[in-house]
Structure formats: C-alpha cells, structure tokens
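K.L.:
Let chain U serve as the given structure and place chain E on it in line with the hints.
Respectively, the protein sequence lines represent chains U and E. Taking our numbering, the leading residue of the first sequence gets 1, the next gets one more, and so forth. Taking our numbering, the leading residue of the second sequence gets 1, the next gets one more, and so forth.
Don't read these hints as lab results, they were simulated from the structure. This one's a predicted model, so the numbers in the text were calculated from it and none came from an experiment. Just so you know, even glycine gets a beta-carbon here, dropped at the ideal spot from N, CA and C. Take these hints with a grain of salt, some might be off.
As the list claims (entries may be wrong) - If the Cβ cut is set under 10 Å, some of the chain U residues that face chain E in the computed set are:
#1 Gly40
#2 Arg44
#3 Tyr48
#4 Gly106
Residue strings, one per chain:
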Amino acid sequence: DAGITQSPRHKVTETGTPVTLRCHQTENHRYMYWYRQDPGHGLRLIHYSYGVKDTDKGEVSDGYSVSRSKTEDFLLTLESATSSQTSVYFCAISETGRHGYTFGSGTRLTVV
Amino acid sequence: DQQVKQNSPSLSVQEGRISILNCDYTNSMFDYFLWYKKYPAEGPTFLISISSIKDKNEDGRFTVFLNKSAKHLSLHIVPSQPGDSAVYFCAASSGNAGGTSYGKLTFGQGTILTVHP
Chain U
1 DAGITQSPRH KVTETGTPVT LRCHQTENHR YMYWYRQDPG HGLRLIHYSY
51 GVKDTDKGEV SDGYSVSRSK TEDFLLTLES ATSSQTSVYF CAISETGRHG
101 YTFGSGTRLT VV
Chain E
1 DQQVKQNSPS LSVQEGRISI LNCDYTNSMF DYFLWYKKYP AEGPTFLISI
51 SSIKDKNEDG RFTVFLNKSA KHLSLHIVPS QPGDSAVYFC AASSGNAGGT
101 SYGKLTFGQG TILTVHP
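So that you can see chain U by itself, here it is in the shape it has in the complex:
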C-alpha cells in the first residue's frame, strides 16, 4: 500500500533463530501496529506503538518484541523463532486510531 511497506515479503527461517521484520511508513502517523493472521483466528494484535519509544503488548505478544526508535519505522523481532510463529504478519498505521488503519501487504514467515 502507498505510504507503508513491509520487508521482507517472504522469509523462511529455522527454529531457534532470531528474525526481525520491518515496517516503514512515510505518512508520519502516530500509531503503528503488528498483527498476525492465522486461519480460524482472523487478525490478532501482537504489539503496538503510540509514539516513538512508546510501545505496548497486544493479545499474542509472547515470543515477540518490538522497537520504534523513529516515527517511520516499527520493528518486530522474534527472539527465537518457533514453528507456532509461522504466519502472515501485517503492519498497520493510523493517524487517529479511530478511522481505520492502513495495512501493509504482509510478510509471510515460515519457521521450519
């Protein structure tokens, strides 16, 4: 989507290795979010940020950490990847938090 990019788009990694996914925005929006999408579960919030260096946990945060050192970048790190973290990860941004997010195109992560 224009204004928000995720990298990489696809990644295969081995169990136990660290992985970092990047979300970059050019909209200068305050709020940024990381979600994962899994069959039967829809989209579940992992972590979110409401400003630079201000982050908080979502409903499925175990095994994940985030960092936001500048407005445009929100990083999601899997400290030690497990097979249960195989998923599609979406980043989203919002200016007000109230009128809908803009989502990135997603990162498909496979942990083998």
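P.N.:
Here is chain E on its own, set in the frame of chain U:
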C-alpha cells in the same frame, strides 16, 4: 476469549443478489466498528465503519447495521459483484481519543465471500 465473532466462515451468493455478512461482539465497551476487505496476498483494506451512536451507515453498495442491544452488526452488499469476492473482517475498538490504547482493533475470524457470475 473471542470478543468479536464471525460465525460464518464462508458465504456464496449470485451476482446481483444481496450479500449479508454478520458479526457478533461481547465487549460492551466497544464503541466503534469497522469492516475490512482482504484479497489474497494483499493487506486488508478499510471498507466502512459505524459509531455506536448510529444504527446504520451507508456508502454506495455497502451498508453497515448496528444493533447494540443484541451486540450484533451486519454488512449488506447490494448488488453483489464478482469483484466483491474476498475475505471480510469485522473489527471493533474502544478507548478515549489520544489515549495509549486508542484505536486498538479486535478482529473477527473473517468470512470468505464468493460471488458467482
């Protein structure tokens, strides 16, 4: 616990007919509701929303209805078109403007809509 539920995993309709997608929620603190549409290999895109002070919001072929007493919302698509075939997610949020929890969305599981020509 699933605070937002879409109990129909899939829905199939004929082109030109009405599509009705349903969503139920349990958290009475939710005061803003949204629908998103998702095509394969793409991120979800915002479709339509409704505040809890309203019971209906319309945008072209899309109308969202909110029944607060039943904690139920629905999305009507009339007339349905083959290009509407996608996964539809409902989402809900609560919170005060500008607060740290503002805008956190809770999503349902999604409903796959297939519109046949």
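K.L.:
Against this structure, judge whether each hint is valid.
P.N.:
Cross-check of the supplied hints:
1. Because the closest C-beta pair between glycine 40 of chain U and chain E is about 6 Å apart, less than 10 Å, the hint holds.
2. Interface hint at arginine 44 of chain U: satisfied, since its Cβ lies 7 Å from the closest Cβ of chain E, which is below the 10 Å cut-off.
3. Hint status for tyrosine 48 of chain U relative to chain E: holds, with the closest Cβ pair at about 6 Å, below 10 Å.
4. The interface hint given for glycine 106 of chain U is met, as the beta carbon of that residue sits about 6 Å from the closest beta carbon of chain E, less than 10 Å.
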